[in-house]
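> Spelled out, the chains give:
Number of protein chains: 2
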Amino acid sequence: MELAITLHHQANAPLHRQLYDALRQLILAGRLTPGERVPSSRALALSLGVSRTTVTQSYDQLISEGYLQTAIGSGTKVCHQLPEELLRPAPVKRTLKTATAKTRRQVRPLRLSAYGNSLTDVEPFEPHETETPIHFKSGRPALDEFPLRLWRRLLLRHYRTSNARMLDYADNAQGYRPLRETLAGYISRSRAVNCEAEQIIIVNGSQQALDLITQVLIERGDTVALENPGYLGARRAFLAQGAKLLPIPVDDAGLAVETLAAHSSINPKVVYVTPSHQFPTGAVLSLPRRFELLKWAEHTEALIIEDDYDSEFRYSSRPIPALQGLADSHSVIYVGTFSKILFPALRVGYMVVPEPLTRVFARAKWLADRQTPIVEQRVLRDFIKEGHLERHLRRMRTLYDRRRQTLVRALQYHCGERVEILGENAGMHLMARVQVKMSDEEFVQAARQEGVGLVSARLYYLKNARRDEFVLGYAGLSERKIQEGVRRLAKIVKEH
Amino acid sequence: MELAITLHHQANAPLHRQLYDALRQLILAGRLTPGERVPSSRALALSLGVSRTTVTQSYDQLISEGYLQTAIGSGTKVCHQLPEELLRPAPVKRTLKTATAKTRRQVRPLRLSAYGNSLTDVEPFEPHETETPIHFKSGRPALDEFPLRLWRRLLLRHYRTSNARMLDYADNAQGYRPLRETLAGYISRSRAVNCEAEQIIIVNGSQQALDLITQVLIERGDTVALENPGYLGARRAFLAQGAKLLPIPVDDAGLAVETLAAHSSINPKVVYVTPSHQFPTGAVLSLPRRFELLKWAEHTEALIIEDDYDSEFRYSSRPIPALQGLADSHSVIYVGTFSKILFPALRVGYMVVPEPLTRVFARAKWLADRQTPIVEQRVLRDFIKEGHLERHLRRMRTLYDRRRQTLVRALQYHCGERVEILGENAGMHLMARVQVKMSDEEFVQAARQEGVGLVSARLYYLKNARRDEFVLGYAGLSERKIQEGVRRLAKIVKEH
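Chains as they are written, first to last, in my numbering: chain A, -1 to 494; chain B, -1 to 494.
Just so you know, these hints were derived from the structure itself, not from any lab.
With a cut-off of at most 25 Å between alpha-carbon atoms, the simulated DMTMM-like pairs for lysine to aspartate or glutamate come out as follows:
#	chain 1	residue 1	chain 2	residue 2
1	B	K479	A	D166
2	A	K75	B	D399
3	B	K479	A	D58
4	B	K242	A	E217
5	B	K489	B	E129
6	B	K461	B	E418
7	B	K383	A	E82
8	A	K242	B	E217
9	A	K242	B	D220
10	B	K242	B	E296
11	A	K383	B	E82
12	B	K75	B	E34
13	A	K267	B	E217
14	A	K435	A	E127
15	A	K383	B	E83
16	A	K479	B	D166
17	B	K489	B	E440
The structure displayed is predicted, hence computed values, not measured ones.
Construct all of the structure, not just a fragment, from the sequences and the given hints.
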């Protein structure tokens, strides 16, 4: 048998690969039919002028993929049932009346749960971000400063030494044990969090922690106290689960704990706080208020959710210890994330839960998605353990501090008394109160026309919303862009 | 000023790194005090006998990390606020009464939601797997056959060409758009699923799809019909959300749709099925029953959840098209996963939802964890688009087919009529009914003592549990191990 195959010795693809492709095409086109014998490797090698190894390699590949089969004594044949057929479903005659069904398509009612229904509203989960040349995005680290080559090297190390074990399901839902151990050490040093590896659950970013906490703790109708203004991702999670929200005002010492305590008749089950750098005002919860809050929780048996989203960046004073580390009882769930200190796309965060809740949360994590991907957890563990994290943090702190100072100075220089700056001592954003004779939407719109993006804080308020507050993230912007951005904003301020 | 620094020219670490470490230690130990001037780079280079560049490099690093600062005209000084201090929380005097609080620690009640409470039971989510030399694990692909080098190469490609964009939050929660487009093409070819990229939501494995579906659709008290026996991860998700379960029997043509239809008074809101290869029995839902099921759903306005967890592996006939592709109305949510065809630790799955439900599910995904990691989605897209997925599937199908035949033959040869084999025409496991005078636990225990792991199907039953059925996964086991494993099982069968 002579096969119509042409091989190119100069081509990119190796000869055995070209031969494999050609034979597979002949089989799929029906030129070599099921059951038909193919030439012996010796004969085909001779007729094509290639080595016998080349032919054997292509045959082996075709055998391993199910196109050819060998039977002792009868040579190599084309398989009866081809792999391509096993990939393609058999054609089927429709028996349902298509016309009637088609018309019904649009009218089928959506029968959602109360949870599902709560998601059908038009309220966004985060402020809309139009791309602008200069964008004061909040919560965005300086991604171009991330040591990506180093990260890649650590990643490769694990992929090189990896075995089947690493590719399999994890043996527990809580997260990679060595990472949890390293993490327990790190947050005890850096945040005075008081925990064992057993209390840590690795999650896909802090949003998953908030979602799991809400599901495990909140029953429809339960009251959740939260900061007003406050973080939208948390508020939306509580709302979707049917919580009643109790907004508590925030001043320059953080959550007004005395107002919370005054609501003694309501008795919230949970209070959600961002004590290190209140989102969005940037206030730091003072030490006396921390103790007040803990005492209140102790007394009312409420649980405190401490969302420590960007506490790593402090510029002028040492951080106040986390609530979790100050608490004597099981009253705090601590939530941390690597989205801000490494990069958001990593999707790794963690929660530290009181010991009696560990099992329930590990099971909730299993039901949610079984486990967080393991390779990233291994790389992250090396990154912390080998000192890269603390080095990266030191570098970023210096960088963000410069950017922050540039922003503060530019705002003071260009806008003078028309701008009041809040919450600039920590984190990656500050809040600016701008005196201007236009609404917040108009100001955001005017800025956009100048090529500058920023966000009104109004969205973050549940009640008593102010319309003169804007959130300015600076961590991801160069000093030149910060200066230019403020110059453009100042132009609008001066004109109005 | 003379600094007590010794550098080793032969050491592994470069000189500027050694110098950086030495200077940092001197600062942290207080030997160089805040505000103190350090020697000029020229002077220090001279005294240490190194190049000035070496000194400049170390100084630059220390400046960028916030240990040193330069002021014009006054040289380089140690910073007043050191980065290490900004990392460590200030010590705090306790004001809560520690003793009382400590004793209260144990008695604080767990106030969980009904969801949380449902997780406190002792029922496992999956069968317990003791490690044994030979383990017939189900749902485990041949991980040592995964083309890891190729995967690594694709991964590196993205990390090399990556920009800040890739490290940032995704611009939508539904998943990486090019992957969704590629996937829509792939599942339309391979499974006759009928969808646009807009209907696909990328999730962290199929468990997350089941969890999101449950949350969005099921209200406490709603009825969910499911296969008996059936997959535990789905059942547990429904239970946790407070669903009433309606178990429907399964025979060798899959779910007994006529039994489901007979329950007209109950009217389930959702029915959960695994039609391609029923878990655990391995039955394939016949085409007439598919149409019956669709007609029933059309009539009752129930939603069908089609979990297509291992449909890619068919050995003797072409696959029957997915329910989703046969349906004329918006009655099916299709769930797929890459855990079985690539590797479980990847944590990437997907769901195809009826178009009117797309927005709600995208929002539910946002609330759950904002997005699935992007790099993996990019790599997966290349893997499919460049033909690697279909090649890998062809290879695995041939391999699993051999392993399957080995298992079937060994069971027939060693156990004869004492074993009945079910569901062996597809997937990665089969079910064996074993005639033996001992309970299923005793058999599993006896097998374990012979170094063989297998799972009783009893756990998968909601009612009418059989005690003679065992699930045998074969995809991850060599033919030699399969033969040896069956030989050992046969020994137990013969002795009882």
